[in-house]
Structures are given as C-alpha cells and as structure tokens.
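Participant: Using the sequences plus the hints, can you model the full thing?
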Amino acid sequence: MEHNTEHETKTLATSSPALTNALTIPIAVVIAGVLIAGAVIYSGGKNDSSNTVNAPQQQQVAQQTGDLEKMTPITSSDHIRGNPDAPVKIVEYSDTECPFCKRFHTTMQEVMSEYGKDGKVAWVYRHFPLDQLHSKARKEAIALECANEQGGNDKFWSYADRLYEVTPANNGLDPAELPKIAQYVGLDTVKFNTCLGSAKYNKHIEDEVQNAQTTGGNGTPWSIVVGKDGKKYPLSGAQPLSAVKQLIDLASK
Amino acid sequence: MILEALQKVFRNSRLTLLAITVAVIVFLFAVWLPNLGLIKTILFDSSVSIGVKVNLPIQLIGSISTNFTLLSALYTIIIAILFGVYVAMLTYFLKRRIKEVGQGGVATGFLGIASGVLGVGCAACGSFLLTSLTLAGASGVLTLLPLGGSEFGIIGAVLLALAIHMTAKKIIDPLVCKVEA
Chain A
1 MEHNTEHETK TLATSSPALT NALTIPIAVV IAGVLIAGAV IYSGGKNDSS
51 NTVNAPQQQQ VAQQTGDLEK MTPITSSDHI RGNPDAPVKI VEYSDTECPF
101 CKRFHTTMQE VMSEYGKDGK VAWVYRHFPL DQLHSKARKE AIALECANEQ
151 GGNDKFWSYA DRLYEVTPAN NGLDPAELPK IAQYVGLDTV KFNTCLGSAK
201 YNKHIEDEVQ NAQTTGGNGT PWSIVVGKDG KKYPLSGAQP LSAVKQLIDL
251 ASK
Chain B
1 MILEALQKVF RNSRLTLLAI TVAVIVFLFA VWLPNLGLIK TILFDSSVSI
51 GVKVNLPIQL IGSISTNFTL LSALYTIIIA ILFGVYVAML TYFLKRRIKE
101 VGQGGVATGF LGIASGVLGV GCAACGSFLL TSLTLAGASG VLTLLPLGGS
151 EFGIIGAVLL ALAIHMTAKK IIDPLVCKVE A
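Chains as they are written, first to last, in this note's numbering: chain A, 1 to 253; chain B, 1 to 181.
Any given hint might turn out to be false.
What the hints assert, rightly or not - EDC-like mimics (lysine to aspartate or glutamate), calculated; alpha carbons at most 16 Å apart, straight line: (1) A:K253 to B:E151; (2) A:K228 to A:D131; (3) A:K231 to B:D173; (4) A:K139 to A:D85; (5) A:K232 to B:D45; (6) A:K191 to A:E149; (7) A:K253 to A:E206; (8) A:K232 to A:E206; (9) A:K203 to A:D78; (10) A:K180 to A:D207; (11) A:K136 to A:E206; (12) B:K53 to A:D249.
To be verified - Quick list of simulated restraints, FRET-style, between CB atoms: (13) A:T72 to B:S13: 53 to 63 Å; (14) A:V166 to B:E4: 46 to 56 Å; (15) A:T75 to B:L71: 36 to 46 Å; (16) A:T214 to B:R14: 43 to 53 Å; (17) A:N171 to B:L43: 32 to 42 Å; (18) B:L28 to A:K253: 42 to 52 Å; (19) B:S13 to A:K139: 51 to 61 Å; (20) B:R96 to A:K228: 24 to 34 Å; (21) A:P84 to B:L28: 35 to 45 Å.
Claimed, not checked - Some chain A residues near chain B, calculated using beta-carbon distances under 10 Å: (22) I74; (23) P175; (24) G216; (25) A238; (26) P240.
Because the hints were derived from the structure by calculation, they are not lab data.
Bear in mind the structure is a predicted one, so any value in this text is a computation, not a measurement.
Think of the CB as a built atom: it goes at the ideal place given N, C-alpha and C, for glycine as much as any other residue.
Facilitator: Below you can see the structure in the form of structure tokens.
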C-alpha cells in the first residue's frame, strides 16, 4: 500500500512536464503551419487564391491572371523604352532603392539591347517604392518624374540608368545626389529642385503603387510580361536573363 | 556523436535518397516561391509547349544567383540540406522508437522550418516577410532588424541544426533502463 502511494506521488509529480512535452509538438506544428500557410496564401499564392481545382483548364488560367487584368493599360503617358508598338511589353514596377531592382535594371538593359533594336520588346517603367523598407525610394521616384517633366522620355531613362548605377541600394543614396544626377544627364538643376520639392507627382506615384499591388505585386521588382495576343504573365523578382528571354519567346508566339 | 548518428542513418540508401529528395524539394520551393503563379499559369496553359513547361522552371532556378543576396542564398541552401538530413534522421528514429520521439527535437525542427521560410521569403525585396508582417500590422519591425529579415533564415538554420543535434542524441542513446544512482 505504502509502495502504491509512493508510485502515485511519482506519477503525479511527473505528469505536468509530460503534459507540457506532449503539447510541444502540436503547438509547434500549428505555429509552423500558420506561418507557412499565411505566408504562402498572402504572398506567392496571391494570384492563385481563386483557383478552383475542378474548373476547366482555360477558366483556371483566366482566374490565375485575373488580378493581372487590372493592370493600368499602357498609354503614351507611360515611360516606355523601345518600340511602343512592340509585340511584347514588359511592365516593370520598381523601387530605386531595392538591390534586386538595381540588378534587374541591368538585366532589362541587356534584354533591350538584344530585343529592343528590332522593336520586338518594349520596357515600361512604373513606380513601386516600398516605404517600409526604403524610405528614400519615393523621393527618388519623384526625381524620375521631374526628369521626365523637363526632358521627356529620353531624360527619364537617362536619369533612371544613372540613378540605378550610382545608388548603393538599400536606402543608401544620399538625397544630395539627386540634383547631381540631374546635372549629369543635362537637366536644369534649379527647375529640377523646384519640381522635386513639389507634391505634384505624389498621386501619380501612389496610383502606380496601388496598381502594382492590385495586380499581385508584393515585392520588387514586380513585372508583367504582356504578350502579342494580350496574354499577361507575372514575373516576380530579379530573375536571370535566360528566364526573361524564355518568357519573351513564349509571349511573342 | 552527430557523425556517429549520421553514419547510422545514411548507411540506409533509402534514407539517403529521402534526404536528397527533401533537400531538393525545399530548395526548389524556396527558389520558385516568388513565381509559383507564373509556373502554375504555364503548366496549366495547353497552348504552351512541353519544352517551355520544363525549361522555364529550370531557368528560374538561376534566380538563386540573381534574386538572393549571398547571405540569403547561403542560408537557403543550408536550410534545404539540414531539413533533408533532419527528415531522414527523424524517419530513422520513428521507425525504431515510435513512443520515444524526441518531442523537443521535433518542435525545434518545425519552428526551424517556419523561421526559415520567412527568411527565405525575405530574399526578394519585401515579398514574404513584408506581406506577413504587414498583415500582422508590424511591418515597421523590419526597419529594426539589422539584417532586414535575414535573421529569420539564420534562426531557422540554427534551430534545424539544434533539432538534428537533439535527434542524433536520441539515436545514439542506447535502449536501456538506466540504473538510478
């Protein structure tokens, strides 16, 4: 009897940690599941959330690209490099302080030197500053618009090329560099500074940010490749030149 | 001790294959993560040729060098390998002592994977981590992190290594009733 009591006491004494131990796995699995599922649903799977498994194939594709269809149509007011009537257009939503955008800018320059001269591809640049990560990017987007205001499409692209070249990325560009870049590309710095200090492009930039998000962009660079037949393909991140070329070839068919 | 446990596990060719398969899947998932929408679109589009369906995802693997920093590429590869090793070890362990699973090790492993996924997602500007934190209303947290979110990937790798260590310890532990002093 005495032995039994002792055994019960031991069991009671060890039951609490055992219970805690038994709960560790379910709790960990739930936390891991929630984090992974949440991230997948709200990030990568954003375009596919409306998919119905049993839906016909064509409808499935349409649903996947549903958000992409909300892309603001390309017009002459866009910043377009290359042939505006090119069969394939790459609309890039970019953040000037994002290191991957800086890398992708070079990739796109290579794309244009290969496909642009024959008028096969047009590069459309839109703003997507991520304020939470790069507080300086929005001002730089305004600077790009100011370059465009003063010198048109050519100066816009000259300014963009120089900006991406000199910025160390990750919010590393000294704002004092912005007028210097303007001077470098041949703009009137007084006019440029006046424009930079104004709020006239705030709405335009915010509209493009909103449109990037509406089309499914949740990081930068976010690109939409528009094919010959109007079909749209999402491309997220600084993908290698070979992948972009493959997508261009697909979109041009 | 870990080497001894690894030798025991990887003497089994099926477990070696399992580890490699899991590591490759985790790696591909991480690299393709930002473009799962594109991959799905292409795979389900009947007008796209088989060649493109195969070739485009292969080309996207190259983003490990363009869409990752050196640090994030490094811990993505490490997490994939550690996860493969961990799954193989856990399988070995479960086959032998199903009632004595190192629960702490399993929990650590799962948390390692969860943390690793957040770190991997942060490889592209703002993608995974930013979205998750914005939804949680805590996107400002990123600015406080010196490595801009890579911390999650590093923690993930450390937790997985810890889980492997704990599981290895259990594998090496002999199945005996210890005499209490």
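Participant: A separate judgement is required for each hint: does it hold in the structure or not?
Facilitator: Verification of the supplied hints:
1. A:K253 to B:E151: This hinted pair is violated, its Cα atoms lying about 43 Å apart.
2. A:K228 to A:D131: violated, 34 Å
3. A:K231 to B:D173: Violated, at roughly 60 Å.
4. A:K139 to A:D85: violated, 31 Å
5. A:K232 to B:D45: The given pair, whose Cα atoms are some 12 Å apart, holds under the 16 Å limit.
6. A:K191 to A:E149: holds, 10 Å
7. A:K253 to A:E206: The hint is violated at about 34 Å.
8. A:K232 to A:E206: violated, 23 Å
9. A:K203 to A:D78: Since the Cα atoms of K203 (chain A) and D78 (chain A) sit roughly 15 Å apart, the hinted pair holds (cutoff 16 Å).
10. A:K180 to A:D207: violated, 28 Å
11. A:K136 to A:E206: holds, 15 Å
12. B:K53 to A:D249: Holds, at roughly 13 Å.
13. A:T72 to B:S13: 53 to 63 Å: holds, 56 Å
14. A:V166 to B:E4: 46 to 56 Å: holds, 55 Å
15. A:T75 to B:L71: 36 to 46 Å: For L71 (chain B) against T75 (chain A), whose Cβ atoms are near 41 Å apart, the range 36 to 46 Å holds.
16. A:T214 to B:R14: 43 to 53 Å: The hint (43 to 53 Å, Cβ to Cβ) holds, given that T214 (chain A) and R14 (chain B) are roughly 48 Å apart.
17. A:N171 to B:L43: 32 to 42 Å: holds, 38 Å
18. B:L28 to A:K253: 42 to 52 Å: violated, 26 Å
19. B:S13 to A:K139: 51 to 61 Å: 59 Å Cβ-Cβ, so the 51 to 61 Å window holds.
20. B:R96 to A:K228: 24 to 34 Å: violated, 59 Å
21. A:P84 to B:L28: 35 to 45 Å: holds, 38 Å
22. I74: Result: violated, 20 Å to nearest chain B Cβ.
23. P175: For P175 (chain A), the interface hint is violated, since the closest Cβ of chain B sits about 18 Å away, which is over 10 Å.
24. G216: holds, 7 Å
25. A238: holds, 5 Å
26. P240: holds, 4 Å
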